[in-house]
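Chemist: Here the structure of chain A is known, so what remains is to put chain B in place on it, guided by the hints.
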Amino acid sequence: MNWSWKVVYDVLPQMLEGLVITVQATIIGALVAYALGLILAIMRMSNSRIISLSTYWISEFIRRTPLLVQLYFLFYVLPDLGIFLEPLEAGIIGLGLHFSTYTSEVFRAGIENVPTGQWEAAKSLNYRPYQTMRYVILPQAIPPMIPPLANYLITMFKETPLLSAITVVELFNAANIYSNSHYKYLEPMTLVGLFFLIVSVPSAYIAMWLERKYQRRYARNH
Amino acid sequence: MDQVLEYTPIIISGTITTIELTVASAIVALIIAFTVGLSRFSRFAAVRVAAVIYLEFFRGTSAIVQMFFMFYVLPLLGIHLSPLLAGIIACGFNLGSYGSEVVRGAIQAVPRTQHEAATALNYTSYQKFRYILLPQAIPVMIPTFGNLLIELLKLTAVASLITISDLTFMAQIIRVQTALTLEPFLVIMVIYFVIASCLVAITDFIAKKIAKGRNLTIRKGI
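Protein sequences appear in the order of chains A and B.
In this text, residue positions in the first sequence follow my numbering: the first is 1, and each later residue adds one.
In this text, residue positions in the second sequence follow my numbering: the first is 1001, and each later residue adds one.
Please keep in mind that the hints were generated in silico from the structure rather than gathered at the bench.
Keep in mind that the hints are not guaranteed to be accurate.
Stated by the list, open to error - Computed list of lysine to any residue pairs in SDA-like fashion (alpha-carbon distance at most 20 Å, straight line):
id, chain 1, residue 1, chain 2, residue 2
1, A, Lys6, B, Val1073
2, A, Lys158, B, Glu1056
3, A, Lys158, A, Ile62
4, A, Lys158, B, Tyr1054
5, A, Lys184, B, Leu1077
6, A, Lys213, A, Pro148
Every value quoted in this text rests on a predicted model; they were computed, and no experiment measured them.
In isolation and in its complexed conformation, chain A is listed as follows (with noise of 0.2 Å):
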């Protein structure tokens, strides 16, 4: 078995082309799973018992199923109801919405973090709730968040492969499909670990650099 360069300049370009996809499904993926997130982690807190009971329901059952099977799901199932998704579409929906229920977490934990002094404060101010969120609470809560929420970034990039199953043509799609026409399987495969690494291992640093950073801020002010 030897390594050969020749290979490795054959797959590149279509990796390449790959690559575009695979972060175009993180990005977008992220933005979804993030809006999201907010959306349940405000029915998860809401006042209703049914709404916050049902929200949190609904969310441990998308967290405790495979991402693999709800793709599955949205790919086969939704043609059959009459919804017919493009399949970097039913990728990008599925990766939103397994990963707001994580997401969802980290909003309803900074929201909660705030203290109640803070709201309390607001209120004795006479400020509206609108003025409350925008200049007391969000402030506080939205710092300590984002090393959390980068951390779920670099873990979608490194679950998008499973976009493979569903005929996305992303990174890992890109190399598998050479391999299985050309029968080489020792560079594709090291070459896709290899671009995993290198865009993943430094932005595991980065999120770690944030998250010192943040804890510094908040041991100062408190």
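Modeler: Frame of chain A; chain B shown alone:
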């Protein structure tokens, strides 16, 4: 639905495979988590560096890529693994890297004075970990290990892509043979949810049992 009922035997066999895969890789992951996690405290720099490289490698590359690498590339290097073994090793090695961070974090969370007390009492490094640090660190690890166990269960679904006949694989067979989509995927999602909920109940039970009489408060996550 009647059509799906005919497939009950293969769904049961898929459930058993999924549980086997989860349990076997959980054992592998646990052994690796402690080995790698404790290696981070070694007095030998080489051991510490090796542990970090392991961690970054298996956490940084995607689990599905690792699985395909073990399934397609290792045979080319003369290492032949059965699909099930490749699945167990890939899932176990991947989750083991996340687990090692839990072990390290929990040991570091033991107050400094406890480390110093062990030194003051002239404990050997083995005695320090065995009688002082681990008994305090393990209860802290349990809730996070519980979360990782759910992640592991979900990861086993990916093993269906390397031809292991687990639940997800069986659902695909039913889909192909009956052209039904909603029923098979809904059924296996419910089964995954039930298995995951059992795992949550078990870890909660262990966490309560282990915290009993130790005057510890169990936090969710680290």
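Chemist: Each of the hints needs a verdict: does it hold here or not?
Modeler: Results for each hint:
For the hint linking Lys6(A) to Val1073(B), the alpha-carbon distance of about 18 Å falls within 20 Å, and the restraint holds. Between Lys158(A) and Glu1056(B) the alpha-carbon distance is near 13 Å, which keeps this suggested pair within the 20 Å criterion. A C-alpha spacing of about 19 Å is found between Lys158(A) and Ile62(A), which places the hinted pair at or below 20 Å, so the restraint holds. A distance of roughly 17 Å separates the Cα atoms of Lys158(A) and Tyr1054(B); the hinted pair therefore holds under the 20 Å criterion.
Distance check on the hinted pair: Lys184(A) and Leu1077(B) sit about 13 Å apart at the alpha-carbon level, within 20 Å; holds. A C-alpha spacing of about 13 Å is found between Lys213(A) and Pro148(A), which places the hinted pair at or below 20 Å, so the restraint holds.
The structure agrees with every numbered hint stated previously.
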